[in-house]
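J.: Sequence:
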Amino acid sequence: MESGTIISWEKKEGDKLNEGDLLAEIETDKASMGFETPEEGYLAKILVSAGTKNVPIGKLVCIIVSDQADVDAFKNFVSTESDKTEEPDSKKSDVKESPTVTSSTSYPPPPPPPSSPLPPSFLESSANTQNRVYSSPLAKKIASELGLSLEKLGSGSGIHGSIKAPDLQNFKSLKISQQSVTQPAFEELTSSNAQSVLTQHFSKSKQTIPHYYLSTEINIDNTVDMNTKINKLKEKDGISLSLNDFIIKATALACKQVPEANSSWQDTFIRQFNNVDVNVAVITENGLLFPIVFSAETKGLNSISTEVKELVAKAREGKLDPNDYQGGTVSIINLGMYGISNFSAIINPPQACILSVGSKYKKVVPHSKSDKGYKISDYLSVTLSCDHRVLDGAVGAQWVSVFKKYLENPDLMLL
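To convert, note that position 349 of the sequence shown is 349 in the UniProt record's numbering; the numbers rise steadily by one, no gaps.
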């Protein structure tokens, strides 16, 4: 994390602060969280306004004093730090440039503002589009919402006939039907800080890491049977395992057996980790998050299941702590719930591997013990994306083979 966004200030300048009070709400590259008051005092000055984006780590954002009498001393204080943050749009629109007028130039007085609603002919296409029309940003926004063309208005009540917001207010009362107004061709959506960081993160991964992909299908009859039996036996205890819990456990055990997959490229050397910390992808309204199941190789299926449920809930509520998602040694992303049979994910740097899991499906296979000579089995398609700098194809294939062994023989995960 290099920067963040101040969503809101919960205290005003001059307010009394107690240690632990919620001072502000901030958005990092992964989640939104509250920033608590570090010590008792008074909020003397807010230096970075709410809505400001890309506030760098370490930037002075406010001043807290211990004595109330010192608050006035900072009333006109201005930070001398270089400001590269992005002010909220609402503040940008308040800044207006005044045109420079020399004494040798004279202009006709601006026309008076319209005293009655503009004529419906405004909507017709008879205006001369060759004349440039000047307008304020707010007027452009209102015109866009109403589906009106500023070129057809001609002139407004602003300087030199520029169109201002009040010139368009009368059109709101006309309640023009949607049938007579052309809808915008598109809508521009502002990406969140988390989405921007994630985009840069994975774009760099695809551009700099030599990916290769290994896919296989796995017979999961035994895993499905064990999952069903455990859930039935432990239903009274509130235990409910999912197939994903078995996948996380099998991933961790495979990484212990093939440690090259539990490694990271460090330019001049390869770092191999002793613990397997599994990042589990969670899809939220703010984008993709990767909370971590730490030391998954040492945990039982029930512990993994409980921990994952808690992490998923926190991720979707935007309540993840930085410790919940910073780090990790290998990642898993499961799109099976969307009916995706197989796909190849982009590696989550600086890790060397990410496992893509598709949906469970049925397949007819030979079965000598059946009277019909066949049976219908449950299968799963998975793809391992690998960093060729860290592990070559043979080592990657070895990992896939070990992972497959654990899912086909889930009893081995209980040893």
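What the hints contain is simulated information worked out from the structure, not anything from laboratory work. Ideal placement from N, C-alpha and C gives every residue a C-beta, glycine not left out. Just to be clear, a hint being listed does not mean it is correct.
Stated by the list, open to error - The calculated label-pair distances, taken between Cβ atoms and stated as ranges, are: (1) L22 x S203: 41 to 51 Å; (2) R389 x D67: 54 to 64 Å; (3) E317 x Y374: 22 to 32 Å; (4) R389 x S79: 35 to 45 Å; (5) K12 x T199: 34 to 44 Å; (6) E317 x S215: 26 to 36 Å; (7) E187 x K75: 34 to 44 Å; (8) G393 x S79: 28 to 38 Å; (9) E145 x K75: 20 to 30 Å; (10) T199 x T298: 30 to 40 Å; (11) T228 x Y374: 15 to 25 Å; (12) S215 x M337: 18 to 28 Å; (13) K232 x Y361: 36 to 46 Å.
J.: Work down the list of hints and note, for each, if the structure agrees.
T.: A quick look at each hint next to the structure:
| no. | hint | verdict |
| --- | --- | --- |
| 1 | L22 x S203: 41 to 51 Å | violated, 35 Å |
| 2 | R389 x D67: 54 to 64 Å | holds, 58 Å |
| 3 | E317 x Y374: 22 to 32 Å | violated, 47 Å |
| 4 | R389 x S79: 35 to 45 Å | holds, 44 Å |
| 5 | K12 x T199: 34 to 44 Å | holds, 35 Å |
| 6 | E317 x S215: 26 to 36 Å | holds, 34 Å |
| 7 | E187 x K75: 34 to 44 Å | holds, 42 Å |
| 8 | G393 x S79: 28 to 38 Å | violated, 54 Å |
| 9 | E145 x K75: 20 to 30 Å | violated, 39 Å |
| 10 | T199 x T298: 30 to 40 Å | holds, 34 Å |
| 11 | T228 x Y374: 15 to 25 Å | holds, 22 Å |
| 12 | S215 x M337: 18 to 28 Å | holds, 19 Å |
| 13 | K232 x Y361: 36 to 46 Å | violated, 23 Å |
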